[in-house]
Amino acid sequence: MPSASEGTPVHSALSVEELNRLVQEEVALRSVAALIATAGPSDDVLTAICRAASEQVEGQDITLLRFETRDTIVAVATYGGPVPPGVRVVHKPGSLSEQVARTGRPVRVDDFDRISSAEIVRRYDIRAGVGVPIFIEGEVWGMFSATSESGPLPADTESRLEGFAQLTWAAIANADARDTLRRIADEQAGLRNVAELVAREVPIDEVLRAVVDQGARVLGAASVTVVQHDRDQPRLAAAEHIAPDTGAHRTDASIVVHGRVWGTLAVTSSTAAPVASSGIKPFADLVAVAIANEESREGLRQSRARVIAAADDARRRLQRDVHDGAQQRLVHTVILLKLARDRAAAGGDISDLVAEALANAEEANRQLRDTVRGILPAALTRSGLAAGIESLVADAPVCVDLDIAVPRLPAAVETTAYFAVAEAVTNAVKHARASRVTITATLLDEGADLALLIEDDGIGGARPAGGSGLTGLADRVEAMHGTMGVESPLGDGTRVSVRLPTGAAQLRVTRESPKQ
Amino acid sequence: MTVSPPHPAVRVLVADDDVLLRSGVVRVLRDAGLDVVAEAGDAPELLAKTLAYRPDVAVCDIRMPPRHDDDGLRAAIELRERMPGLGVVVLTQFSDPEYAIELIGGRADGVGYLLKERVGDVDEFCAAVARVAQGGSALDTSVVARMMRPRVLPPELALLTPGELAVLAAMAEGHSNAGVAQQLLMSVAAVEKHVTAIFRKLDIAFDSAGHRRVQAVLRYLTSQRR
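Residue numbers (this note's numbering), protein chains in the order written: chain A, 39 to 554; chain B, 36 to 261.
By construction, these hints were calculated from the structure, which means they are not laboratory data.
Treat the numbers as computed from the prediction; the structure is a model and nothing was measured.
Mixed in with the good hints, there may be bad ones.
Simulated restraints, written as ranges between beta carbons of each label pair [as the list claims (entries may be wrong)]:
#, chain 1, residue 1, chain 2, residue 2, range
1, B, G120, A, G337, 53 to 59 Å
2, B, P101, A, T478, 39 to 45 Å
3, B, P79, A, A383, 37 to 43 Å
Residues from chain A that keep clear of chain B, each with C-beta distances beyond 12 Å, as calculated [unchecked claim]:
#, residue
4, I222
5, D270
6, D380
All residues carry an ideal CB built from backbone N, CA and C; glycine is no exception.
Chain B with its partners taken away, still in its complex shape (with noise of 0.2 Å):
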């Protein structure tokens, strides 16, 4: 396995209510060589030392003391919103859509969303980590799996092949082009002519932050709400 840290200085801060997957979580995270600055048992500890220590990366729990509701992601929202660099993955075990989009809200950038047996996963999981505290975005098979089943596809979708929605799918779990190309087995070639017309399908103009490709994982996930 790998030797060498690959993700070093990404400071994480993890926050689950369950003790022993919590130590389990900050376990494969340090042995992965990411700097796991903090952990908190429920949302208000996740908010006040989030808000502390600055992590680059909140990993947390949807459901948490005090109510034991959604109490994690509410938090989570707020994280986003308060620290607008700061990455949010929440790690569940729920694989309703609805917690994803509410999740990330009108923001794809910085923000996963993981089933919990992914953390046995140890190098995607981690790698989903290191992208996300860079900005980038991880949403798990499952979720996008359940999202791409709609019962009436969005007139947006509607105009893309099935070749280019599997490509969108892929990029909304925040592959890059080679991993898309890694998945679908196509080339990498197919894979950037497939975003392309994603683009030119989906209307989004090219910008300088370079963010199209979160734009179009948002405009995917926001048609799943109507």
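Isolated chain A, as found in the complex (with noise of 0.2 Å):
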């Protein structure tokens, strides 16, 4: 065991000298407390404080050292010692700096080749030590040691560091705490950077790009990563690498967008204390808010994109039903007509001709009128969305129950009305294999809204994001500021449900608006 001698007892009374060490102690940590009190870098005042301490014990060597975990200690700054700032060492039971910390006691050590003490003893000859606590707020916050290579320090090395130590605690602390302020406002300037690239709306990579690197700068990490989890496999999105990653001490926090996890952002310390996760969460959130605002612009431009190609669709088919019916038709009428001229003009006998020219020109006729229907059917213009619905029906093979007690309501609302009926009766015809469809329509809260309820007895199982009829009904619903809603459990029929604004509530408002 080594051999510690427990620090002398502070002043009882005071002598000539010891008074004017006091008043040395004094002039020290004024000029500590002015150097502190302009914005220097804290090392220059952390050296500046060692080299008051060294001024107390004449000019001994001085190392500021930090207990940074329970097993790791940092030299922080030092006045002539040997030990450099930076230099990290886990002590070891037994050392100097471990039964400093332990006990909270100042701790001597005549000759360290008496004791097995940490290799950085060696490494820097040092002869003997005398290491004392300093405390912040009760804690034990680290040490001063006085070292020397040649013999013993002096005895009372221990008392007057320790009241040097008592006095030291609150510059140490103000600097700590100036280093914490200044580390929250350069996360502060770095959150609003990121921020803003997010307000822009920057694509999603620069944004991740931005998080890392201002992460790392202003976390001290290590390394930052982003690594997106919702997908088959985890994807590494983004990283910033500053120091090698020792991998010890990680701080992970998830990236919630809409409820779920999207991913995680994962920061390594690059000193042996981990990162406080506090630090972390604001740029998990920022990453989050840019997903959401990337998702939604997307979704948006996805949903237009879907309705043009709807329209251009539904061209298409347009062209391909008259292209291949009834254009075809009146294509063989006059094919027949010629034949029936040219016939004629040699006298011959034209009644089958012109009998098939003309079953060729009515047949191109009721074609063009389903056509047509099929564009937008009469009676859904001309008399509203119940007559429309019931035209649309009539030739369904299902049994179909009506139940639809509106009024006339703008062309806009009754046309996707009509649609979505259609395309629910198309689902429940050809996909579901109902038997029986039940259509509501009603007003809701005064008529500001259209409720349509569409149920069959079919099989279920359809889905609205599967790029079927019913996603371009979304589409279209959605244009209207609508909303729509589709339970189709396997086995247990479908029930598609559908809410558009009637523009009722703003007629209402613009109405009363000037009462008020």
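Hints are included, so try docking the two chains, each in its own frame, into the full complex.
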């Protein structure tokens, strides 16, 4: 065991010498305080503190060390000492620093050769040392160590340093606080940079790059990575490596978008202490906001693209219907009439040709009528939703119950409602193999909303996101500021519910507002 | 009407998925004395039977099964590549010049593009089919008319006078000088003068194959693509 002398009790009676020392202490502390007050780098402050401490013990080498974790200690500043700042040591049980940390009292080692001490002591050729704890808010924050490369340190080293340590804690705490403040300010600046990018709606990759870049800078991290989870394979979305990644101290924050975990922001510390999760969370939240924004933008873009594609599809279908149907029959009619004309000119019998031409012309007319009705039924435009739906289901090969008690509505609302019913009925007949369909239309909220419910008794399993007609319908309803829901459990029918604003609420507001 | 078959020995294949129309076309061609050797109802059948029967000319629709898109046109283009001597007449309801230009590709000989209602103009239709079978060309008047209305006349054609343009358009339809003269109500000599001017202005050299007319038409058609 090391021989560790107890620190000498502090001033019992004041000698002139002691008084002088106290004055010196005061002067030293004032200069330290002044240094702290001016906004110099904290390293300078700590070095100045070491220098002031050194002056207390007649110029001995002084190193200020900080207990980082239970096992590690890091040199933060020195005056004359052999251990440069930044050196981090795992202190073994029984070592000088370990004893200070454990006991919270001054510890003296007069000859390190006599103890199995840390490798660092030998590396820096330290023969003897005194360690004095520095307390901040009742915790052992670190220690002053006075070291010697020759003989043991003077007997009053402990008492002199102890007094100084008690007085310096406030200065150190202030410097610490200033560091914390600066770090917070740095973090805020980093967050602001990222937030600006998010607000400017730059591409998500740019946001991620900024997050890892700023995060690594302000969090003092060895590495920052963003990993996306919500796909088959986790994907590294962005990464910044500043220092070799020990992987020992890693802090994660989930990136939660619309209630699901999109991915993780992971930060590994560049020191032995992990980065506080409170520092990481705001970055993760910003990433989440950026992704949510991008998803809604992308959703809107896709919906618009689908609306356009649906319109193109409808045109193509119409072209095909007319080309393969009525036009073909009319062409045939023309050919037959030309043949008849030539035959009549030659005095032949043309009754068969004319009959055939007439049949073709009639068929063309019938097909055109169907096509036109398919575009928009006259019943809907002339008589309203109920009549339109009645004409729609008149030829349906299923049993349809109608309960449609709504007045005339704006044309766009009636048309959208009509297509909602048409799509749901088509789905019921073509895919759900239903035998019965119930269609209900009512006005809600004093006519502000039109509510539609189309239920069938088919096989269910309809997927509105499956790129089917229901997707197109959802886009259409959304474009009218309405909402749509599809319940289609396997084997238990399909319920399509649609709610469309009729515009009546807006009208009421416009009418009533002059009174207010 | 014509009693003696004017188009003996022309062997024809007819492809259309509309059976009624196809049988009408077949009847019209047979009545005119052409030898309809096979019929097809879709694009694969058109390809297979044309390669098997090796007719002088294949008459086919553009939109046909199996895709009901431009399957017939694709098959026609493939046949023109695989059987250089084959005449192809596309019979369609589309008057879009794009289809015609695509069909013609780099070779305006042995090719026809006619609207379906022309079938009723029996003599002209059958003459066009026979002409294409012998390496001539036949473009529908309405298609040519649409080609003739470019918003900006391409530079090559800007050199031509309106009279020369009209003659060139008639040539594109496949008319001989006599036919052009009849259509445009001018003398054959006047037509010949215009044709010579067209060849000179379009810088078409005299070649031994005597395909200057075809080249002029081709130049005209390809100028529409830009």
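Of the hints given before, which are not true for this structure?
6
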